[in-house]
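**Q** Sequence:
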Amino acid sequence: MIGKTLELDNMNDINSSPQREKWCGHEFLYKFQGFWFTQIYLETTKTVVETFKPLPGDVILASFPKTGTTWLKALLHSIIYPSPQHQNHPLTLNHPHQLIPSLETDLYIEKWRQVGGIGSTKTPQFPVVKDPGKARILSTHLPYQILGNILNSSDCKIVYVTRNPKDTLVSLWHFLQKSCVVEKDPWEVEAAVDQFCRGVVPFGPYYDHVLAYRQERFNRPENVYFLTYEELKENPKFQVRKLGEFLGCPFDQSDKERRRLMKL
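Numbering follows my numbering, with no gaps: position 225 of the sequence shown is 225.
Among these hints, one or two may not hold up.
[What the hints assert, rightly or not] As a list, the in silico DSS-like pairs of lysine-lysine whose alpha-carbon atoms are at most 27 Å apart:
# : residue 1 : residue 2
1 : K31       : K166
2 : K22       : K166
3 : K53       : K166
4 : K46       : K22
5 : K166      : K233
6 : K31       : K53
7 : K178      : K31
Think of the hints as simulated: they come from the structure by calculation, not from any bench.
Could you build the full structure based on these sequences and the hints that come with them?
**A** Here it is, written out as structure tokens:
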């Protein structure tokens with residue numbers, strides 16, 4: 001149900017999902033609280049819900065998979081932490097995923113490894129807030145129905161990006177074709193379309209995921225910014241400027257570093 005979030009007590013037996021469906025690469029998806037997860041994400045979701053406490057200054061980038069997450073990570077980092085353009089620019093030296101950690105994987109990497117996830121050789125930690133005036137930027141694919149109570153417990157900002165569902169499916173399908181697991185048991189196009197339309201994909205159903213965050217944007221416009229991949233592609237300068245205003249980092253004509261971002 002849109003707008004209704006998951007209570008912590010319901011997470012006690014997260015593995016006892018009675019409904020599962022084969023997905024791709026011999027993997028199963030498990031339905032929990034109306035959404036579908038791989039076994040790994042069932043475990044890390046439990047850890048997030050039980051332990052994550054957002055800070056008032058946090059910026060949470062929420063999205064359905066393959067809807068523009070990487071692009072938004074780069075933009076958010078550039079807006080909040082502007083740096084002069086030179087060879088040591090953070091985005092030159094690092095992939096956006098290295099700069100903005102994921103709640104489900106990077107920040108709970110030990111749990112991720114315990115249940116079979118692939119992590120880096122170095123254990124990431126929560127970003128240390130040395131300057132209270134600067135925000136931590138974190139990302140998540142978790143639906144609002146599960147994460148909402150936690151996010152509402154602080155005055156953190158939420159930026160949600162979504163994308164045309166057809167393009168989302170195509171991007172997801174191509175992404176999975178690069179997986180060695182899928183090579184053994186391909187996710188055929190017909191099956192992909194059928195399962196996506198029924199919502200049986202990781203973090204799906206797509207529409208429930210999108211609509212809950214969109215509704216929250218109307219409920220709390222001062223805390224939730226909702227945009228689409230298509231809007232950002234059509235008018236990037238306008239969207240970046242609006243994002244800056246929403247995040248409390250407006251673009252000033254005298255701010256050379258942020259003006260450079262507008263030229264990207």
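**Q** Now, for every hint given, state plainly whether the structure supports it.
**A** Status of each hint after checking the structure:
1. K31 <-> K166: holds, 23 Å
2. K22 <-> K166: holds, 22 Å
3. K53 <-> K166: Since the Cα atoms of K53 and K166 sit roughly 34 Å apart, the hinted pair is violated (cutoff 27 Å).
4. K46 <-> K22: holds, 22 Å
5. K166 <-> K233: holds, 16 Å
6. K31 <-> K53: holds, 25 Å
7. K178 <-> K31: holds, 25 Å
The structure does not agree with numbered hint 3 stated previously, though it agrees with all others.
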